[in-house]
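Participant: Listed in order, the protein sequences are those of chains Y and Z.
Taking our numbering, the leading residue of the first sequence gets 1, the next gets one more, and so forth.
Taking our numbering, the leading residue of the second sequence gets 1, the next gets one more, and so forth.
Hints are computed from structural coordinates only; laboratory data are not their basis.
Treat the hints with caution; some may be incorrect.
Unchecked claim - Cross-link-like lysine-lysine pairs, in silico, BS3-like; alpha carbons within 25 angstroms at most:
(1) Y:LYS135 x Z:LYS65
(2) Z:LYS42 x Y:LYS70
(3) Z:LYS63 x Y:LYS135
(4) Z:LYS65 x Y:LYS70
(5) Z:LYS42 x Y:LYS181
(6) Y:LYS170 x Z:LYS42
(7) Y:LYS170 x Z:LYS55
(8) Y:LYS170 x Y:LYS135
(9) Z:LYS55 x Y:LYS70
(10) Z:LYS55 x Y:LYS135
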Amino acid sequence: MKSPLLFLESDARLLDGIRRGDESSLVTLYEVHRRPITAHVMRNNGTQDDADDVFQEALIILWERVRSGKYEHTAALGTFLYATARNLWLRRLALARRERPLDANSDCTSSDDPSPLEDLVANETTTAVRDALDKLGEPCRSLLVLFYWEEASMDEIARQLGMANAATAKSKKYQCKEQLKRLIGRTTDSHERD
Amino acid sequence: MNGIENNHLEPDTIEDAVLGRLTPDESSRVESHVRVCARCRKAMEQERLIAAGTKAWGRAAMKQKLAGRIAIAARQRTPWPHILSAAALLVVIIGVGVLFRWRSPDQEPGTSFSDSVFTGEPTKDAQLAPAPSAVSEESARSQIREQVSPADREISRPDKKGGPRTGAQILAPGVETAATEELEQPVLEQQAMMKSTATDEVAKAPDLNVWVEGIQWSTPFASGMQAQPAGASNQGVSANRLEARSKAVKHEMAASLVFIINQRPRGELHDTRPVGYASGMNPAHVVRVGDTLYVTLYLDTLLTPERLRSTFGQQATPDSFQIMLPDRILGYRIPGGMAR
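Model the full assembly from the supplied sequences, consistent with the hints where possible.
Facilitator: See the structure below:
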């Protein structure tokens with residue numbers, strides 16, 4: 001835990017921390033910015049748990065963007081987090097409304113939104129991969145997570161996982177993916193048998 | 001690089017396409033190829049699936065890790081709001097206590113603030129001579145009422161026309177003698193009698209110039225300040241001798257005295273009808289209930305709350321008591337039959 005004078009931490013320092021993979025930067029951001037986000041969610045039919053949940057998701061989105069180099073520091077981190085959490089919460093509210101039976105005249109869904117069936121299929125396939133990843137051992141799981149989620153370069157992956165070089169990491173990645181595909185196949189087969 | 005090898009997309013190209021790392025030109029070439037290559041299309045779908053699933057897994061793991069770290073941080077967080085709330089509460093309590101102390105008229109010198117306010121322990125006065133509680137006062141009034149005949153009660157009805165009250169009405173703040181014809185008490189007096197420490201009422205009385213009632217009470221010889229026998233002085237009298245003298249006469253005296261000091265404008269004093277021993281324009285009214293003498297004193301001058309605070313009474317001899325006013329001492333004889 002950092003100093004209680006969290007608000008003195010500059011955005012730049014926190015962003016540097018995230019770039020280095022320092023997760024405590026997220027905790028710091030949570031401590032500093034949780035109040036307005038919690039207030040917003042709770043004002044809009046949410047609970048404290050809902051607020052914590054969407055704020056943590058917003059923090060993770062920030063983490064993803066910064067780590068993948070896609071984050072543009074055009075606004076204060078607090079503004080970005082508030083806007084992201086607010087959008088996440090609005091999306092959840094819209095989803096909750098859609099799950100309820102709709103009136104015949106109701107027209108609150110957008111044609112751009114995935115249909116419930118598409119959501120279901122996407123969730124099922126994603127779940128199959130997640131199940132397979134649970135069974136995948138280390139360092140394969142970490143390697144694939146670094147590659148796909150954090151979009152780290154092979155050099156970065158090699159450094160983080162203590163591999164000789166990027167070529168070694170790339171070779172390992174190929175093996176891990178093949179292993180994962182086999183596990184996905186088994187998982188899917190077992191789901192179909194169930 | 002065009003990303004196509006042996007008429008199929010290279011694995012790295014598929015990964016880059018899924019992860020959005022291709023230029024627009026490369027991306028459009030890949031899309032064109034996927035439309036005509038079923039094997040590449042299948043590989044692309046599988047890659048998307050792995051990427052989406054791995055991202056979801058990564059997010060979930062990160063979220064779990066973050067929640068754990070936040071929970072740890074919350075436990076380690078200094079509970080400033082709680083600390084500040086407790087501090088504020090403490091300040092309020094101390095402030096109220098100081099205010100109470102400041103306004104309290106009968107704090108004895110040397111009685112600590114904490115003794116009288118926070119601990120709930122009786123003050124020195126209370127320990128030495130317990131004040132008659134509201135219950136005991138009510139009990140005393142009941143005893144007196146039982147001793148008075150219905151005929152007497154009829155006589156004692158207050159003036160329904162609202163005219164000037166009789167002396168007996170004024171004389172009876174819950175304290176009547178056998179010779180008293182009055183039983184009904186003026187409302188103000190009844191309300192005042194409900195207070196066990198009427199000196200507080202003195203300080204709070206909004207209509208000081210009309211009505212001030214103070215109650216001081218003491219056990220004879222219980223306190224060095226209040227228990228001097230007539231003519232005695234603390235000066236030159238050792239504590240042992242005073243104590244011995246107290247024991248010698250104590251059995252002859254009432255266990256306690258209750259002094260009720262009423263102040264009224266001079267114009268009303270003529271209505272008072274002193275019972276027992278009157279002293280000039282300061283008639284007194286005495287009644288004995290059990291071992292307690294209740295004395296109602298009517299002063300011809302108005303005392304400020306501050307001066308009233310320094311007024312006290314004591315039983316001087318088995319058949320007399322004194323009221324020590326700031327500027328004079330009033331002596332009274334206890335009516336016959338009331339002294340032991």
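Participant: State the violated hints by number, sorted upward, taking the hints as numbered earlier in the document.
Facilitator: 2
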